[in-house]
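K.L.:
Line by line, the protein sequences are chains X and L. Each residue of the first sequence is one higher than the last, beginning at 159 in the numbering used here. Each residue of the second sequence is one higher than the last, beginning at 1230 in the numbering used here.
FYI, nobody ran anything at the bench for these hints, they're computed from the structure. Because the structure is a prediction, the values reported are computed rather than measured. Don't be surprised by glycine CBs; every beta carbon is placed ideally from N, CA and C. Some hints could be false.
[Said to hold, decoys possible] With the C-beta cut set under 7 Å, the calculated list includes, among others, these residues of chain L facing chain X: (1) Ala-1255; (2) Phe-1259; (3) Val-1273; (4) Ile-1340; (5) His-1342; (6) Thr-1349; (7) His-1352; (8) Val-1358; (9) Gly-1362; (10) Trp-1366; (11) Gly-1367; (12) Ala-1369.
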Amino acid sequence: MTDKLFGLVDLNARLELTRFKPVRALFKSRWFPLAAVLVNTFLFVVILLACLVGGYSAGNYNFGIMIVWILWWVMLMFVLVPVFARAWCLMCPFPIFSDWLQRGRLLDVVPGRKPFGLGLKWPTRLRNMWLMNVAFLMTTYFSGFMTVRPMASFILLGLVILTAFIVGLVFERRNFCLYLCPVSGFQGLYAQFAMVEVRRKDPEICRQHKVKTCYLGNECGHGCPWLLAPFNFQKNTYCGMCLECFKTCPYDNMGFNLRPPGADLLVDNPRAPRKLDEAWKAFIMLGIAINFYLAFQGPWGWLKDMVRAATWSGFLTYILYHTVSCLVIIPAIFLGFAWLSKRFSGNREVPLKNVFTNFAYTLVPLGLGVWIAFSLGIILPNGSYLLHILSDPFAWGWNLFGTANFPWTPVWTAYLGYVQGATMLVFYLFTIAFGYRIAKQTYPTLAQARRGWTPIWAGLTALTVFFVWLYTG
Amino acid sequence: MSESQVALRLGFGLALLCGLACSAGAEERFFEVRAKRFAFTPHVLTVNRGDTVRIRLLSEDVHHGMYLDGYGLQTSAYPGHDGGLRFVADKPGRFSFRCSVTCGEFHPYMIGHLRVEPNTPFHLLVLAVLAVGLIGWGVATLRRQQEEPSHDR
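Just chain L, same shape as in the assembly (with noise of 0.2 Å):
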């Protein structure tokens, strides 16, 4: 077996590892978010990839909604009358939710967030940054130049 072929097993094995790991462990997840201007509390819900997540979203002043990025959901709450979001969380990363009803003046910035474990993008731009960041520090620094400072300023 070629060092391409086995490296393409490894990593073909440890993604249904993942995969197995992630799914075995999906649960049903329930979160009271209450909504106020210009906040929402718990500002964030941590939940495991593959998790079915049921948020109730309360109003405890005006109108406020609540857009979720990367899955395209949206419920709104006014006091009285709750809101309510279920969906799996099949994507991993950290999303963004957002209110989506004008409740003043701060309400663009009204936010707050979804992180789904594992956070496999956060992680790869990570590694990424490393990356790039060590094969340009060994090319700067490791590599034979006979080149010498430039003081021509």
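Extracted from the complex, chain X is given alone in its bound form (with noise of 0.2 Å):
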């Protein structure tokens, strides 16, 4: 029986994309994200360059801040993620310089070459999304600081790279982005929403093909990077789309596929089962929203004299409340609405801990609404900046394309409200359609899966309404 999205689009139906031959021709030339790379380390150097001449100056004028956290930040939620999954992995410079240490070339292949490096596997316990968690919330903490100083963009990025640089030494492939970048956890959550995805065509040739190319690699391409199992992709969470796979596959047996988004959510299998440490991402990437909605687009100066650490006291209070309130309140929050489900549904043999997790997932669309809707509020206001920037970089009195005396102008910020509530509604309307899903997942009976649907559906209603409050009332 299919199963169609608000019932129009079945979930199940694909349109492989590397059928037509010029993008199947683009994801095996060796180029190809190899070109997109380069471009981008270009431009972080840039911008790089641009964080360290600006010093302390207003991160407004500043080439570095108005790119990553204004134009790229923005891409990230409203394009990349949404829509192409871990784009920005497939084309992120930050561990290109461990790759082409450790394979000793940057463009081509030298088969049986043995990796430069320690080539450490990464440790068991810590092969799971904890790690980016604590990573990512940690860096929250200097939001205040990194989005507006460009020296403190310029020491956030040189870490990352120098982390990413160091980890490749030691560790085998791409670890890093794999368990510690701080940016690839959220990617990896919000890419269960995107609307293509990687996969196998057949699997009878998967199966029949017994030297794994697409895992060790061969002389069109490396082994995957991501240490995943190409042939049996079931999710996109961990897929960094670096296309190695459809180098190395001999049969052209990997696809590029668009879909209906948010496919993922409804996979739950022992392969791709769903997961704590990924509902605590979920858990927190909603609470930095809340957070960092009332510390950067509310009114409330001692909120932003907490937040730029204009006090010691004021600033480990922020973080205290950050952490807290990402960690621990959300999530006990929609623990109480999860055994709410459990009782209502009059199930006594599915465990709590998998009502609470399988649930959990909703928060994938509805964060990702948020995200989208806090983007608005802060690309349209300051967008006009990057007109400045652009003609000047490096604040030298350029004026490259003639833009550098262009005066900030706020883009259709009189109907900034209109547009993120109705985001939040257009989101909310993809959370109930696959919590609904969830819930018949989540429950042995029908009826059981309704009357436990009901509390999620009303506490997902309730979180709906206090995001269009936040954004508009």
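Two chains, two frames, a set of hints: combine them into the complex.
P.N.:
Right, dumping it as structure tokens:
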């Protein structure tokens, strides 16, 4: 029986984009995505220089701050993650140096070459999102500096690049991207909603193919740098879309598919189970979105003083509140609704942990909507600063494109609340559409699923109204 | 009279009453807003639709601006030189006012709110969420369905 999203789109529908020759040729070329990575490497050199030269100047007139925290962040939340999954990882320049050193070369492949570096295996206990959860949360402690002070951004970006390099020398392949990168975790989580996927085409071909070249590599490409088994991809979560499996598969059995949004949210099997670390990532992202909104788009000066560390006690209080709200309060409230769901369902067999973890995935579309709405509040008022910094990236008085003196011009801010509210409404629709399906997966009978869904539905509705109030109330 | 005509007349009557109520209470409202890096005090100004709003902007440290979303108005102030705005709050909803003169590193986030009551956009959005939610809940839980929960994970 087909399952249609909103009664319109079959959730199993796929359009394989790599069946079109130009797309396939692009994906099989060794220059792709390397060319994009090289362009971004150059861009990040300029960003780092601009941050260094910018020192302590106002961030809204700094190339590094504006490109990273306004343009890149907004593109990430608007397009890259919700549509193209981990497309940023595909073109991310941070691991290029460790990749280069490990492989000995940038473009071509030397089959059988022993990778440079210690090549240690990542500890089994840490093969999850917990480290990334902590890393990202801790990074956000300093949002009051790094998003406004060029030097703080320089330090942060420099640390990330340096850590990626060192981890690449000690551990095999892309363990940094998999388990440490602060921006990797939320991309992985929200990529489950994305409208594209990398998957094998014919499972039988993979079964017959005994030498798993997609994992081991061959003369055409490297074994999966993300240490995954491309022949058995179930979810987007950890696939960095490096496209090596397209190059190494001798049968052209890898496909890049267009699909309905959110298809991965219903995947829960022994190979790709729903997990507590991902659930907590969803809570953390929601908490950060609330706290960022209050601090950056809210009118409360005392909170801004705390975030930008006007006083040490204020800053430490903010860190404490931020941590507790993200790690404890939001999950605790959600646990309350999960408990209610179990009680309402009347089911005694399904563990509360399963109910809690499963329904946490309803926060993926809702959280994405919250972040898109938040990003609208960043780009619409501040986007016009981009025209200035593009013409004068180092604040040296250049006017490359004749826009250096373009005045600050807020765009459509009269409608900001409407657009943010409408965004919440759209993603709330996805949330309840997938929430009910998750209820049916969680409870064994339809009656239990319906009863168990009701408290969760009420909680998600209240949460959406809360965000509408935050943006427009 | 058909049902749709009755509904139309009722709606028109309600809108008229609402408009009369709003315009009847219109008054002049004065606010002295102090700007200091990176906040406005008071940070929320609440008025009724139709009120004439006068704002005197005072700066307590450096050059600050005030740009009012939705109304497209702008003024600025620096110590010893106040700015001013005067307008009729004819658009309901919540609007941000933002510092429009770069005043330091947190400048883009120096924000205050003007709330023009009744906040119709907010009420409409909440109604929309509740309506969509109730329809979704109803479709999911009330309709007769033969299917059983899927455990084909």
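K.L.:
Give a verdict on every hint.
P.N.:
Consistency of the hints with the structure:
| no. | hint | in the structure |
| --- | --- | --- |
| 1 | Ala-1255 | violated, 22 Å |
| 2 | Phe-1259 | violated, 19 Å |
| 3 | Val-1273 | holds, 6 Å |
| 4 | Ile-1340 | holds, 5 Å |
| 5 | His-1342 | holds, 5 Å |
| 6 | Thr-1349 | violated, 10 Å |
| 7 | His-1352 | violated, 9 Å |
| 8 | Val-1358 | holds, 5 Å |
| 9 | Gly-1362 | holds, 4 Å |
| 10 | Trp-1366 | holds, 5 Å |
| 11 | Gly-1367 | violated, 11 Å |
| 12 | Ala-1369 | holds, 4 Å |
In this structure, the hints that do not hold are numbers 1, 2, 6, 7 and 11, in rising order.
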